[in-house]
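Participant: Line by line, the protein sequences give chains A and B.
So for the first sequence, numbering that gives the first Met the number 0 puts the first residue at 0; every next one is plus one.
So for the second sequence, numbering that gives the first Met the number 0 puts the first residue at 0; every next one is plus one.
No lab work stands behind these hints, which were simulated from the structure alone.
Do not take every clue at face value.
Stated by the list, open to error - Subject to a maximum C-alpha distance of 27 Å in a straight line, what follows is the list of computed DSS-like cross-link-like pairs (lysine-lysine):
{"hint": "1", "chain 1": "A", "residue 1": "K482", "chain 2": "B", "residue 2": "K46"}
{"hint": "2", "chain 1": "A", "residue 1": "K511", "chain 2": "B", "residue 2": "K63"}
{"hint": "3", "chain 1": "B", "residue 1": "K67", "chain 2": "A", "residue 2": "K255"}
{"hint": "4", "chain 1": "A", "residue 1": "K47", "chain 2": "A", "residue 2": "K230"}
{"hint": "5", "chain 1": "B", "residue 1": "K67", "chain 2": "A", "residue 2": "K482"}
{"hint": "6", "chain 1": "A", "residue 1": "K511", "chain 2": "B", "residue 2": "K45"}
{"hint": "7", "chain 1": "A", "residue 1": "K475", "chain 2": "B", "residue 2": "K67"}
{"hint": "8", "chain 1": "B", "residue 1": "K4", "chain 2": "A", "residue 2": "K511"}
{"hint": "9", "chain 1": "A", "residue 1": "K249", "chain 2": "B", "residue 2": "K67"}
{"hint": "10", "chain 1": "A", "residue 1": "K475", "chain 2": "B", "residue 2": "K46"}
{"hint": "11", "chain 1": "A", "residue 1": "K482", "chain 2": "B", "residue 2": "K63"}
{"hint": "12", "chain 1": "A", "residue 1": "K161", "chain 2": "A", "residue 2": "K61"}
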Amino acid sequence: MSKNNVGVDISDDILSTYDYKPFAGTQLGNPVSHRVAPTVRAQFGENKVVDSIAQVVKAEVKDGMTISFHHHLREGDQVFNEVMQVIIDAGIKDLTLAPSSLTNVMNDMVVKAIQAGTVTHITSSGMRGSLGDAVSHGALKTPVIFRSHGGRARAIETGKIKIDVAFLGVPNADEQGNANGMTGDAAFGSLGYALMDAKYANKVVLLTDNLVPYPNTPASINQTQVDYVVKVDQVGDPDKIGSGATRFTKDPKELKIAQMVNDVITHSAYFKDGFSFQTGSGGAALAVTRYLRQAMLDKHITASFALGGITKPTTDLLAEGLVRKVMDVQDFDKGAADSMHTNPAQQEIDASWYADPFNKGAMVDKLDVVILSALQVDTHFNVNVLTGSDGVLRGAVGGHQDAATAKLTIISAPLVRGRLATIVPQMTSITTPGESIDVVVTEIGIAINPDRQDLVAALSHIPGVPVFTIDELAAKAEAIVGKPAPIEYTDRPVALVEYRDGSLIDVIHQVKE
Amino acid sequence: MAIKKTALAGTLESSDIQITLAPAASGGIQIDLDSAVASQYGDQIKKVITAALQGLGITDALVKAVDKGALDCVIKARTIAAGQRALEQTEPAWEVL
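Given only the sequences and the hints, what does the whole structure look like? Please build it.
Facilitator: Okay, here's the thing in structure tokens:
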């Protein structure tokens, strides 16, 4: 038994069985690693278009292989379910499923594939709904491995994830496989996560409902990487890929939090000309962008870049000249996707460029300010974005661990959600270490990580922003909702949570019935 | 005291609880709880409902509680409202509030 750097006891059995080192801290030094290369079967201009998924599956997918998908089509995805059904019908067993993430629309199909014995191993950024429920109650024999977006890029580049066949839905492609994410009925913008699969999978299968004349440009994925192009009826439902118009929240609690987040940013030393930032897609994060815009106008400050998952409020700042570049790994709404098509200052970046800790420099290393969310925050500033208060999987690591390495990492979260406390003495799992979290902002005030005395000095006297210790916030939350009964677990691990460098930060156990 | 008729209080909105009381001749207070936070707060919710009904002198009742994350004060208020309706009390029993 050894204790990792965030105080989690990890058994020697788990460390040796799954070949892990315990998480030792966020300072990674300069690790040296070797990149793997895919197997390539040469082609010479033959038409790569095939009419059926079944044909490709029959030729390429064998028992025990690792297959992958991307999640850029989010809740509108129609590729995943179609391909998985064909694979189940083909009677293939013992696959490792290694998508960039799993969205709700895929849940029931994954559960079905597990029950059929088709899928026996999963690595993902997250899972939720019926799938999270099934896995938390022990549906898989081997634990799921959760990796951040940067962690997945690292695992692919170093061969920890060895993808045999990648099935990638694209809204356009030519017969040789030149494709991008920007045009077509199912356009979703950046292909950031899928670019890793296109580069490193042994076989790359594009699925598209929109075959365009050769050669197709701009080509984010190009013909040197692609083995097959499959014509399908529809890759995605445009109405569900991203929210059409981004609505600003009217929730007074979220607005209050957003206002305080903005105050924290503008009173920090990082709010100066040329600063960089990343915001998420939640209601409060979107509202922060609006407040930040006004602060930038007032102080005549422009940002050098905005990073990560992009929304329309951010691309509006680009159009206005308040942000010089948008570095775009995925787009959360149609406005952001459209902007990538029309504005050359919005650069598509892959997951490695975005956040991989083992490459020669990721963009998160240059990030000044990031606003992240949390399901739970503990009194050591550790954050959980994976499991609910009942211990059941219902979230995703996403870029949380990666972006949290920014110079000023702000967690915006309500003190309580319904009857559940957000700031708690003990979380149901740890995703991101408190070492990388600097300020927690709730609707009643903020808590500053005592390791950051520079921030304590800068942020302790902002009018309208009360400062508490993190223990005080936890006590205030408990005074409202009461003390919860502890969640009971079995000894059986259902998920392993990697830190971005591939060390083990937590082990999630099966919840007791 | 047993209640005379079926009564309901509360809504299915977030942070509310809907309490439905039905007559039972005997068997004490039997609570059927539906709550997303049952694993953490189920026992506490049942305790608050039972105490509020006992405060009204109700000893036997079938209780259906559909909880949407209500705090204890809300659970108590909704239970008292449902209890007084079930007892056909037109004036609130102020002393038990």
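Participant: If a hint holds in the structure, say so; if it does not, say that too.
Facilitator: Hint-by-hint comparison with the structure:
no.: 1; hint: K482(A) with K46(B); in the structure: 14 Å, holds
no.: 2; hint: K511(A) with K63(B); in the structure: 25 Å, holds
no.: 3; hint: K67(B) with K255(A); in the structure: 24 Å, holds
no.: 4; hint: K47(A) with K230(A); in the structure: 10 Å, holds
no.: 5; hint: K67(B) with K482(A); in the structure: 17 Å, holds
no.: 6; hint: K511(A) with K45(B); in the structure: 21 Å, holds
no.: 7; hint: K475(A) with K67(B); in the structure: 21 Å, holds
no.: 8; hint: K4(B) with K511(A); in the structure: 39 Å, violated
no.: 9; hint: K249(A) with K67(B); in the structure: 22 Å, holds
no.: 10; hint: K475(A) with K46(B); in the structure: 23 Å, holds
no.: 11; hint: K482(A) with K63(B); in the structure: 24 Å, holds
no.: 12; hint: K161(A) with K61(A); in the structure: 14 Å, holds
In summary, the one numbered hint that this structure violates is 8.
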